[in-house]
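Asker: Listed below, chain by chain, are the residues.
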Amino acid sequence: MGVMAAKRIFWLAIALLAALSLAMIAFVRGEPVNAVWLVVAAACCYALGYRFYSRFIALRVLELNDERATPAERLEDGRDFVPTNKWVVFGHHFAAIAGPGPLVGPILAAQFGYLPGTLWIVAGGLVGGCVQDFVTLFCSIRRNGKSLGQMAKEEVSEVGGWTAVLAVLFIMVIVIAVIALVVVNALKSSPWGLSTISMIIPIAMFLGVYLRYFRVGRVREASVIGFMLVLGAVIGGRYVAESPTFAHYFTCGGLSLAWIIIICGFLTSVLPVWLLLAPRDYLATFIKLGTILLLAVGILLAHPQMLLPPLTRFTDGTGPIFAGKVFPFCFITIACGAISGFHSLIATGTTPKLIRKESQARMIGYGGMMIESFVGVMAMVAAAVLQPGVYFAINSPAGVVGATADKATATISGWGFPVTAQTMSDLATRVGEITLFNRTGGAPSLAVGMAHIFSGTLGMGRLEALWYHFAIMFEALFILTLLDAGTRAGRFMLQELLGHFWKPLGRTQWYPGVFITSAIIVAAWGYFLIQGVVDPLGGINSLWPLFGISNQLLATIALCVATTILIKMGKKRYAWVTMAPLAWLVAITMTASYQKIWHPDPRLGFLAQASDLSAQLAAGTIPAAKVAETQHLIFNLRLDAAVTAIFAFLVLVILAESGRNWWLYTVGRKVPVLREAPMKLSRISA
Amino acid sequence: MTFLAKLTCFCWRLLKEVAGENDYARYCRRAGADGAKLMTAEKFYVLQLRQKYSRINRCC
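Chains as they are written, first to last, in the working numbering: chain A, 1 to 686; chain B, 1 to 60.
Looking at chain A on its own, in the form it has when it is part of the complex:
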């Protein structure tokens, strides 16, 4: 038997295994399915996608050429442009794209059951997210590592470029607010969690001084020391929580926590980057990668049963975690695990300046996103292994299920997901929390799921509380790092923008400018954060869809730019590769935007909820003490509607600009001019 025949049989076997595993998770009813089927199905699909689809894109669509020198080789300067080993670039790229989104999104979308979310993560990842990352990375490599905004300006139009810049700034604000809300909900009334996270600030500052003055740039040894200290903080957190003296100081409500995070965000943005942000980022990155690996191993060793049904009754749009039907809201809720516009900013940032050979863009762009998507599948498993009643009790806001334990469990049991107040109380005690009711945002249920998987492995059942708080620490640590890094990047973007109007504001070393722009960015996301914290529906219901819509908007911009470039390259017959995910994204973002603004159900439509509250005010049914708060809520709902409308408008602008160009190129009324860097033969080996 020839090698070719053996390869064909191998890939046929992978395809059959994928089909069998998918059939198991899709069609088995009435009994729990083992999570390993989900992992195997996803792994086989990724293998097939990488082997066949990414190869097709690399060879036929993009025609990657290793004879052509990359920017890293042509512009090598030893600092920004450096030809780098492909595994190192892969590590950089994956560490940059792996954020909290693929962990939290699937947890929230599990309210529809595990099936819709999992299928979207795998299919959306392979046909959408991976393609977007791969093609935008390729486009940037061919253009000296230019950013998405620059490419939109040069390849689409000036208007397209400005749309991209504005979209990125708006998205930063919403993203930071939403992820901050996830941390607030994870740490409120949790002295163990809050004391651990508080200890990380002095640990990071110690590492900052160590790396700056004592062992300059020795990141690995500093991270090992830091990890030990963080582990000590996690273990020590238990004693703080059990101490009658100290527990009081670390038990905070949502609003106090939000203000603490806002103040810390401002300080980190203006403090020297080496002191807190950078060392905490090193720590967060290593812990994040290690924990993801641990979760994968844990799932394989524990091979838990998935107790959540494949589909729940909430596909009809009546879900307690967020309102809206499975279409479009499942696809909006899971953005980062399937397709994330934010990745296009990374793929057109540092990564294209490090790649040695064009062919490596396949592994780094397509492969990196594939692993990220796999992380999303693991998060879905972590949600699905929980008892459905427990999952809904943790994630449902008090405004929907009721504020008391008895009322909440009665409501959730009434939906057909039995749970008792005693079960929840026992679980909270086992994981070292005061309560697990109404802990919206996804992070606490992810931590419970991860603790369940970890403690079910290697006979470590007695360490459930420790695993839970390790998972909370891991989530909060890298969310706070992203928050601080995002605030700082947003401040630089705003300074650049305002510098056009008044030059001193553009100077990044001018302290009044630094303070003013930092305050503007922090105030913008802080406003939305506070809004989410005081929202009686838990905040996630209104803010997470905004986050999903904004992220998919950015993906729309990236795919518009990519499609324009493909058409200009004379690859019109393959333009469907980027146009198909683009069409899907436009369908889901426009439908979701329309529903979030205009839907008559007050739980779904911002304006309907505002009108509902206004009517209650007019009828005098709101208690006098709550009138001012309700008026504020009405204003916030109208603001959310306006923000959604702005996002939808930006999508339409970039679409109109791109569509006009595609039409003009097709009918020959405009000559396509490709702004690629000139071809130069490569002199280095892979």
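Calculated from the structure, these hints are not laboratory results.
Just so you know, not all the hints are guaranteed correct.
[Stated by the list, open to error] The list that follows gives simulated cross-link-like pairs (lysine-lysine, DSS-like), each with its CA atoms no further than 30 angstroms apart:
1) A:Lys680 <-> A:Lys568
2) B:Lys52 <-> B:Lys16
3) B:Lys37 <-> B:Lys16
4) A:Lys626 <-> A:Lys407
5) A:Lys670 <-> A:Lys680
6) A:Lys86 <-> B:Lys43
7) B:Lys43 <-> A:Lys503
8) B:Lys16 <-> A:Lys86
9) B:Lys52 <-> A:Lys680
10) A:Lys680 <-> A:Lys86
11) A:Lys86 <-> A:Lys571
12) A:Lys407 <-> A:Lys325
13) A:Lys7 <-> A:Lys86
14) A:Lys86 <-> B:Lys6
15) A:Lys503 <-> B:Lys52
16) B:Lys52 <-> A:Lys86
17) B:Lys43 <-> B:Lys16
18) B:Lys6 <-> A:Lys7
19) A:Lys571 <-> A:Lys680
20) A:Lys86 <-> A:Lys568
21) B:Lys6 <-> B:Lys16
22) B:Lys52 <-> B:Lys37
23) A:Lys568 <-> A:Lys670
24) A:Lys680 <-> A:Lys572
Given the coordinates of chain A, assemble chain B onto it according to the supplied hints.
Answerer: Quick look at chain B alone, frame taken from chain A:
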């Protein structure tokens, strides 16, 4: 050397590169070849960090 030991060595070296611990040596080689005045390791470290965190370098 066993496979596991080789893999561990590879991962440790990979981490060193990803963490940027070779960046200063690389810069010295490059700047030295161009005859430019070299920055100190400390100044180089702070400058690299400032550049890295002045743009979007982490995803949601």
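Asker: Each hint: holds or not?
Answerer: Do the hints match the structure? See the list:
{"no.": "1", "hint": "A:Lys680 <-> A:Lys568", "result": "20 angstroms, holds"}
{"no.": "2", "hint": "B:Lys52 <-> B:Lys16", "result": "17 angstroms, holds"}
{"no.": "3", "hint": "B:Lys37 <-> B:Lys16", "result": "26 angstroms, holds"}
{"no.": "4", "hint": "A:Lys626 <-> A:Lys407", "result": "23 angstroms, holds"}
{"no.": "5", "hint": "A:Lys670 <-> A:Lys680", "result": "28 angstroms, holds"}
{"no.": "6", "hint": "A:Lys86 <-> B:Lys43", "result": "28 angstroms, holds"}
{"no.": "7", "hint": "B:Lys43 <-> A:Lys503", "result": "27 angstroms, holds"}
{"no.": "8", "hint": "B:Lys16 <-> A:Lys86", "result": "14 angstroms, holds"}
{"no.": "9", "hint": "B:Lys52 <-> A:Lys680", "result": "28 angstroms, holds"}
{"no.": "10", "hint": "A:Lys680 <-> A:Lys86", "result": "21 angstroms, holds"}
{"no.": "11", "hint": "A:Lys86 <-> A:Lys571", "result": "27 angstroms, holds"}
{"no.": "12", "hint": "A:Lys407 <-> A:Lys325", "result": "25 angstroms, holds"}
{"no.": "13", "hint": "A:Lys7 <-> A:Lys86", "result": "25 angstroms, holds"}
{"no.": "14", "hint": "A:Lys86 <-> B:Lys6", "result": "18 angstroms, holds"}
{"no.": "15", "hint": "A:Lys503 <-> B:Lys52", "result": "23 angstroms, holds"}
{"no.": "16", "hint": "B:Lys52 <-> A:Lys86", "result": "20 angstroms, holds"}
{"no.": "17", "hint": "B:Lys43 <-> B:Lys16", "result": "20 angstroms, holds"}
{"no.": "18", "hint": "B:Lys6 <-> A:Lys7", "result": "28 angstroms, holds"}
{"no.": "19", "hint": "A:Lys571 <-> A:Lys680", "result": "22 angstroms, holds"}
{"no.": "20", "hint": "A:Lys86 <-> A:Lys568", "result": "29 angstroms, holds"}
{"no.": "21", "hint": "B:Lys6 <-> B:Lys16", "result": "15 angstroms, holds"}
{"no.": "22", "hint": "B:Lys52 <-> B:Lys37", "result": "22 angstroms, holds"}
{"no.": "23", "hint": "A:Lys568 <-> A:Lys670", "result": "11 angstroms, holds"}
{"no.": "24", "hint": "A:Lys680 <-> A:Lys572", "result": "25 angstroms, holds"}
The structure agrees with every numbered hint stated previously.
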